[in-house]
Structures are given as C-alpha cells and as structure tokens.
Amino acid sequence: MASESESLPLGRMAPPVPAGLDIPPEPPDVGARALSVASRLLCGASTFFFLAFLFAYFYLRSINQDHFWLPSAAQLKEQKELHVSLKPDQALGAVFIVCVVLSVLLAFLASRRMKQQSQSWLPPAIGALVLGIGAVAAQCIEFIVQKFGPTDGAFASVFCAWLAFYLIAILGTMYWLETQVATELRARRQPAAHGDIRDPDRLIAPSLDAAVFYWGFLAGIGIVTYVTLYLL
Amino acid sequence: MSSNPATSPAELAGEPNHARRFGLTWLIATVIATPLVIVLLGPILPPGKATEQAAGQVTDNTVLLGMATPVLLLVVIYLVYASIFFRQPKGGVLEGPAVRGDARIQTTWIVVTSLLVLSLAGYGTVRLLADNGAGSGSGPTPLTVPAGPKLPVQVIAQQWAFTYRYPTYGGVETPHLVLPVGKMIELHVTSLDVIHSFWAYQLGVKADANPQIDNIAFVKPTKVQSFEVRCAELCGLWHGEMFDHGRVVTEAEFETWIHEQQTRFAAATKSLPPYSTTYQPEPTRRGG
Amino acid sequence: MSTTAAAVSTPAPASRPLWRRLIGFNLLTAVLLGIGGYYLGWFIGHQIKGSSFHNQVPSSENDVALLLAYFFGVIGFLIGLGFANYPVSRMLGRPASLREKEQEGWGRYFGLCTDHKVVGIQYLIGIGVFFFIGGLNAMLIRAELLHNTPTFVGPGQYISLVGMHGTMMMGMMTSGILGPFANYFVPIMIGARRMAFPRIEALTFWLLMAAGFILTSTIFFGGFPTGWTGYEPLNDQAVMGMDSYICFFALVGISMCLLGLNMMATIITMRAPGLTWSRLPIFVWSVFATSVLMVLAAPMLVATLLMAALDRTINTSFFITGGGGSSYLFENLFWFFGHPEVYILALPGFGIVLELLPVFTRKPLWGYRLAVSGMLGVSLMSFFVWQHHLFVSGINADLRPFYMLSTEIISIPTGFIFMCVMGTLWKARTSFTVPMLFCLGWTFNFLIGGLSGVFLSDTPSDTTTHGSFFVMAHFHYTIMGGLIFTFFAAIYYWIPKMTGLRFNERLAKLHFWLMFVAFNSTFLPLFVLGMKGQPRRVSEYAPNLHGLNVWVSISAFVLGFSMLIFLANAVYSLIFVRLKAEQNPWRSKSIEWQVPTPVPVNNFEQIPVFDSDPYEYGVPLTVGPGQTAPAGA
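Chains as they are written, first to last, in the numbering used here: chain A, 1 to 232; chain B, 233 to 520; chain C, 521 to 1153.
Same shape as in the complex, but just chain A:
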C-alpha cells in the first residue's frame, strides 16, 4: 500500500463519536418529506393504474367489436340476458361524484386549518371521511340497482371494473384519513399516553397533508372516471 493516494482518507465519515454519546436522532422533517414524496409517487402509480382502464375504455369503444360496445337489447336477448338498459343511473352517479368533490374540499379545509395550527381541523376531516364513505355507498347502490351486469358487453365490463377498483382506492384513502382522525381523538382522550404525538411536525400534520394531497389527486381521477363512464 505504497501509493500516494492511499494516504488520503478513504471515507467521507465525520470523526467518530466519543463512546457514551447518544446517537442524535435523524432530522425531524425526514419522515414528513418522505410521506410527501410518497404521496406524489402514489399519485403517479394510481394514474397509470387507472390509465389502463381509460385506455381500455377508448380502445374498446373505438373498435366496437361486433357492435358489442353497447349491445342492443336484441343482441342481449340473443345471449339470454334478462337485463335491458345499459344506461347507468345518472342521479346516483351525480351523488357519487358530488360526495367525492365535497369530501375533498372538506379535506383541504382540514389540512389548511392544521397548517394554521388550529385545533378545529377535526370536524371537516370527519366530514370528509363520511362523505368519502358516502361516495362509496352511492356507487355500491348504483351497482345493485343498475340494469346490467359486467357481462353485458364491453362498456358494462369497463364500467363495473373501473368503478369497483376506484372504490377500493377511495376506501384506502379513507383509511389513511381515518388514521389521522383516530390518532387525534385518542390523543385528546389520553394525552398522557401519547407524549409528543400532537406535535404536528411529528405525526399528524405531515401524514394528513400527504393523505389530503393524494385524496385531491384521486378525486381528479374520480372526475375523469365520472365524466368518462357516466357522461360520455
């Protein structure tokens, strides 16, 4: 090991810490930034997931194989199908999308209040949660009352599958919001057991911020879903 460069310090380490010294914690904002980045990446992943359905919608619609995009009643009868109408219920669809949009608006309100260090972020957050679940419920009712099933042509397939997976995405997001609400509620009930949990830099604020961002984005996908499946 005679080379000149060998005498250079190999590593880029700071000098070793004397024994007995506590390991300093990582910077407090690392978790928050990681959550924020993750929510953006999750938006990208969700986009591509639903892009597959959007692509399927327009691809199958443009091909309209054997006129089975929206098969006529006669075609369906030939297949011994008893359903007749391939039109989804517009009223329930409207309830669905209005619930989504209102829920997002409330979630944004909650996030803003949280940023202003206001204690009153909880009611809008709970409202957002309820409306989100309401959207899922409205669409589930639509699935039950609609006069077609997933087997009735290409549109019916895309309609049922796309919305079903969208509902699962909503439920996941609602779970994310719910964890913030639950943490806050428990902390209010038993503040002693939680120590610094209320410190917004530590837990709730970054997570709520990320969840609301994702929910806002998912709602955007929801509007595209609604326009594509109900209005086009």
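Treat each hint with caution, since some may be false.
[Claimed, not checked] Here are some chain C residues pointing at chain A (derived, C-beta under 10 Å):
no. : residue
1   : 782
2   : 797
3   : 816
4   : 819
The hints are simulated quantities; they were obtained by calculation from the structure and are not laboratory data. Quick reminder that beta carbons are idealized off the backbone N, C-alpha and C, glycines included.
Starting from the known structure of chain A, arrange chains B and C on it as the hints suggest.
Here is chains B and C on its own, set in the frame of chain A:
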C-alpha cells in the same frame, strides 16, 4: 491524454500512443472484416430470395450486419486492448489517471451514434414502405398497397392448423398452401380462436392471426420452390406441431391444382360459411 | 417515526422456552394462517360457484375459488407475519412507532424485520432460491429440445415449463438487484440509517416470496400455456393454472411498485448532508431510474391482470372478442408494462457495472453526467417503444415507422453507458478480480444483446426474426448476460461487506469462465437457429436444426453446472471454511466500505457529511490531493 505520476518515469517515457494504436487496429479490422461479412454472410442471410419481400429482407439484414460489424469490432477490440495494456501489475496498487470525462469525445460519440441510429430508422422505414410491408402483417388497412392485380388468399389459423381460402376461386378452403409464381399475393390472416402467427419462412412472411382481425401481408414469389409454414406465436398445447409445407408453382400448375381442389372440396365448400375477412369465433371459452 | 429507539438493548429472547417463542407473529404463524386463508377462500369460492355465473367452464374448474384462495392465503400469510399490526393500531389511533428491531440472532431473518440489511439478505436468499427453480426449468426445457420431437416431457408440460421459466425469471428477477443490493446498500451509500418506509420494505420481500410460492404451485393446477406474456384469449381459455400466473404477476407488480416507491422516497429525502444529486453514487442513480419505471409501469400490469382475472371469473369482456373485447387491448396494455419491465431488469446492471469499474480500474468514473443522463434517458424512452413487440401483429401498422424510430433512439442513451465503460477503462490500472471479470462479461454480452436488438427494431428484418429463437437469444443476452452477470458481480463484490466472509477466488474464477463460455456457447447459436426458422416455445422443430439444438442443450447444461460451482463455492467458502474477508478487500472509496463489518444496526454513529462523489480514485492531473475539481465537473 496526460502523464501519470504514479507510474515510474521509465514506463512513462516508453508509453506508446495508445489512441493511435487502438484506432489503427480498429480501422484495419473494420476495413477487412466489414466487406468480408457482407460478401460471405450476406448471401446466406435469412430468409433467402424466394420472394421480392424476402429478398428485401436479405438486403436489409445485410445492411444492418454491415453497420453492426464496426460497432462490434470497436467495443470488442477495445475490451481486448484495454485488458492487455491497461493492467494493474501483479500485487500492485497503482492508480490510474484521474480523468473524469472529455467533452469532445462525448459529443462526438453522441453525434455519431445519433446519426447512425437515425439513418438506420430512416433506412428501415424506406424498406418497409418500398417493399409494401416487407412481408409483415400490416393490419386491415395497409399503408402501402402494391399496384396491379393481386391474388387474395385467406390464411385461417385455428388450434392447431392453418387452412387457406381462395375467395376468387369460389371460396374453396384447402389444407395446404399453393401459390402461383410471379403474382402479387394478398394474404389475409385471421384466427378462429386464439392468437397465432403465420410464418412462411422462405416467403419472408410473418403475420399474426388474431381473432376477428384481418391482418394483411403482401408477398410476390419469384421462384418455384416449396416453403415451410410454422406458427410463431404460442397458441397452446400443440403449438410446436403447428407446421406445414406449402409450394410455389407455375401459374399453369396453380390453375390445375386449384380446379382440382374446387372439385374435390365442392361439398365442403357449400357447408362453409360464406367468405368473409373475419369469422365469429366459437362461443366456447375453454377448449385447449 | 423514530428509529433511534433501537439503540436500547432488548432482553435476549432466548431465555423464553421454545414453545413460547413459536407463538406470536412469525413465519410459522404466517404459514398456518396462509393455509387457513387458502382453504377459506377455496370454500367461499365454491359457495359462490353454487350461484354459477361462470357456466361455460367444466365442473372441475373453479377460477373464483382458486383466486380467492390465493387472495385470502396471502392476506393470512401477511397477518401471520405481523404486517397487520401496524395498520390496525394506526386505525385505532395508537401512535406510530417503528417495530423494535431485533438486535441479533437468526430469528430476524425468518420474519418481519424492518432492518434494511436484514431485508437485503432475505432478498438475496429468497430470490436465489427462485432463481434456481427457474434455472432448473430451463434445464428441463433444453433436455426436451435434445430431440426434435416431444420425448422427454409432453407438449403440455413443455409449454408449462417454458411459461414457468419465463415468468419466474421475468417476475422474480425484477427485484434481483434492487431487492438484495439496493435495499442493503442504498441507505448506506446515501448516508441514511434506514429506508424511508421500513415496513413497506419488508412487505415487498414477503409479497414476493408469497408470489413465488404461488407461481410454483401452478404445477398442481395444470400449469399455464401462455408463456410469460400471458396473451389473451389463450389466457382466458387456459385451465386453472393460469390463475397462479395472474396472481403471481399481480403480486410481483404490487411488490415492484412499492419497492420503487420506497427507493425513490429514500433517495429523494434521506440523502446525508453534502450528498448532492451530482455526487450520488451511480448505482443509486440506476436504482432511481429503475424505480421510476417500477412505480409507473407496474400498476399498468396489475390493472391488466385484474382485467384478465375478471374475464376468467365473472365473464367480463375486456379481451374476449365474442363479448366486445379485443385481444389487441391485452397486447397493448401488457407491452406498455412489458417494455419498461425489460429495462427494470437491465438498468440496475448498468449501475452495478459503472459502480464497480472505478474501484477495479483505480480511475474515477468517466462521464458521470453522461451515465446519469443515459440511465434516465433509457428510463423515459422505454415508455414510447412498446409496439415494437407487435410489428407483425397488425396493430397500428401505420405507426410502425414511429416505433422503429423510438426504438432506435433508445439505443443512443444505452450507448452512453458503453461510452462511460470504455472511457473508464482507458489507461486504467485494471485488476482482473472476479467482480471485474463479470463486469467485462457484461460489456461483451450486452453489446451482442444491443446489436441484435437493432435487427429486431427494424421491421423488415423483424419479420423473420420476430417470435423466433433470435428474439430469445437477444433477450437472454440482455437479461441473463446483462442482469445475471452483474448480479453475480454484485454478489462477489459485496458479500465481504454483507457477511464479513469471502468466496474462494479460484472457484469463483472457474465459475466466471465456465459461465461466460457456456453462456455464449448456448446463446450465440440460438441467433442462428432463429434465423434458420425455429420459432420460440416449440417442443418440435425441423430435423435439420437438430445438431445445433443438441449443441445448445449441452452448452446449457454446462451453464447450469457453472451455477452449481457457484453454489458449491458459497457453501464451501461461506458456511464450512468461513474464509474471513478483509475490511475493505477492494480498496474501495465508497462509503459502504468505511462502516464496520458487520454493519451496525443504525449504520452510522453519526450521519456522515459528503464532500465528493465516491470515485476519487486516480492521480489528479494538475491539482494536489484534496483539491480535485468537484464531482461531475
């Protein structure tokens, strides 16, 4: 490039001009090897010259091989050269020169590779259009259609056989493919069940057979010979057995043959569905 | 999310009796709950079948039951491992705290462990096992091809073997380098103490293991006939073994997406002070570029497979022409994922090669920015080339010139990587150690793979080579020659760090030379076979190709034997003799070699501060030591 203080001065003085030596080696190798490759390998490249399209592909393959050879030689000779001359002596701890890049070389590399690949893409496009799809399946509405009369032949793939229909001869369906020489053939490839791929090797034709899709490929045989037909897309259990032989014959022989087929399969033709570019697949979902 | 609590030592669990230690969230519980979930799903599936909404399937087939069984089985498995504890406690509002890391002991390798180093080792072993299963399938395939008619296995088993080999390799090996090496070394290389989401990190590994097990289980359900591409409508037509494929690939897709997300979040947020983007080790850059593809492309795969599963179970018609679907739709969606997928496999290899070359050439990485832009360029471009897999399918035939162009263009950024390799080798002081040999092997293999790709990207030429053994040889050169060679380079390079032990060098060199020669002897003739007209995935081929096929098969067996040499070396050197490695056997300047071996649980006592990239090798030209120009300048 630069001096290397870590090496001994004696070695420094005797350092040859590596760039020139390597460059010359590569240049000589390229000048020798490229024409050799083109002359020796070019004629035996697939798929032979039995059709206009196949001959076009041979030309295309030769051009690509001719362009690939210098690149291959560049990197391989470089690897060998570097392995021989740029070694760490046994047990040594010498350091190389701390060079982190060279803007000129990098720019040259980017420009040269860009020009190379752009010209390849341009050349491929020209060949594709000039040869009317170069024998590949070009979809239901091909971009370029050859002028003049064409003989339409339908290739129907199903698990696990190809059959052929001649719509201009009463839609007769035959188990083997026979084509007249010197005529532009318009192949309509479709499937009755899953995706297959019609590959007539010597004709230079490959077109996927998709259910409910009319995939058109043009081919003009120029030689009387037999050719091999294989399925080139995994289609289930007996995919490997899905092969057949076809023949390119003179026009007179073809006329005799097709009329023989028409009489032989007269009864069968009547019970067939009328000729159409695609056929509704059987409703069964689980077959194989 | 505090990680610092781990410094507090926990009482050794060994004091508890054995039976007590078996109860709790561990692998045993996981397996039991997995089996329970499996039968629960099977039962529910058969109850649903009573209402019979998929009535065209033979009575022995019940896709609903099998898919539900897999679904509940995986859920049960994950609950048993303890993955549900955190989400449930968060749902109940309990504060977030990282699960205590087990300080030592073998137990942590067999359960949910949030230590990124443990997960790295878990990945290495787990992926290794499935790599060998996939390789064994390849041996059986080549055994069948010793004769030109089906003799050794039947045609049905043959296509199942082909499918299992392809799917296993394409699925499991997506995490082949990111799983073991990125999980282990990216946090250390960027000066972090952990990954951004340690639980997700552990989840990706256990999901992948569940997936591998599910794919292997396809042999109990009749295998699947589609190969790794799973083309419709053959997919819809196939027996229940197809559900294993769907479930496997969907789980791999989820695992991939989460792995990429975790990696990107870690690299973006947790870099130590001073580690700017232009000082990032090139391996970390390649992980980043791969992660972009994983996050964006994998969801597309999951969506596609969900559609396929719905087609198979509740008779939707996404891909079935009879009901208004289109088999083209599947091909489009699949390859929109499928092409990025092959770069997910190739890109980490670029990173390994460029990371290792400076160490063994004793030179800085030549053209750092070129390498980074090459990787990001490949990553971005790979979303725009997918229809070159469909040149003869008749899809959008008018767009073929565009896809030809985009495919040719993607070779420009790939060329950057070669430029960097060659620049780094120039006037180097190369030591031909085993990792270096594998890197040089990569350079040759990927060159052949890349040049043969030019033929495939050109439609007229592709007309003959498409779907033939030529394609097969091409992607084995890029994936086996690209990924697996660098995989082994990484193993030989980093095992001394991961275990403190090293391989027997003579056996390792024998492994390399045998593998390199046998690899080329196997796959070079396949180009010829393809050009002579042998299609892929056939158990029966033209008699005149018999001789060459026998040659290929024997070479393939030698290639398989070289893997056994590796295995024997691993057992001999790492388990029996336990050859001790030096602290920094390669005299690397990268930071992972500066931390002690074995790496402490928290990696660093104090977060390091970076003032350059890790490639400060070589003798500076004009300035003295310590005054070198900043990295990337």
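Handout entry: When the least beta-carbon distance from residue 797/C to chain A is tested against 10 Å, hint result
Key = 14 Å, violated
Exercise for the section: Mind checking the CB of residue 819/C against every CB in chain A and telling me if the closest is under 10 Å? Expected result: It holds, given that the least Cβ distance between residue 819/C and chain A is near 4 Å, below 10 Å.
Exercise for the section: Let me know if the C-beta of residue 816/C comes in closer than 10 Å to any C-beta of chain A, holds or violated. Expected result: 5 Å, holds
Problem - Agreement of hint residue 782/C with chain A interface, Cβ distance less than 10 Å - result: 8 Å, holds
When held up to the earlier numbered hints, the structure conflicts with hint 2 and nothing else.
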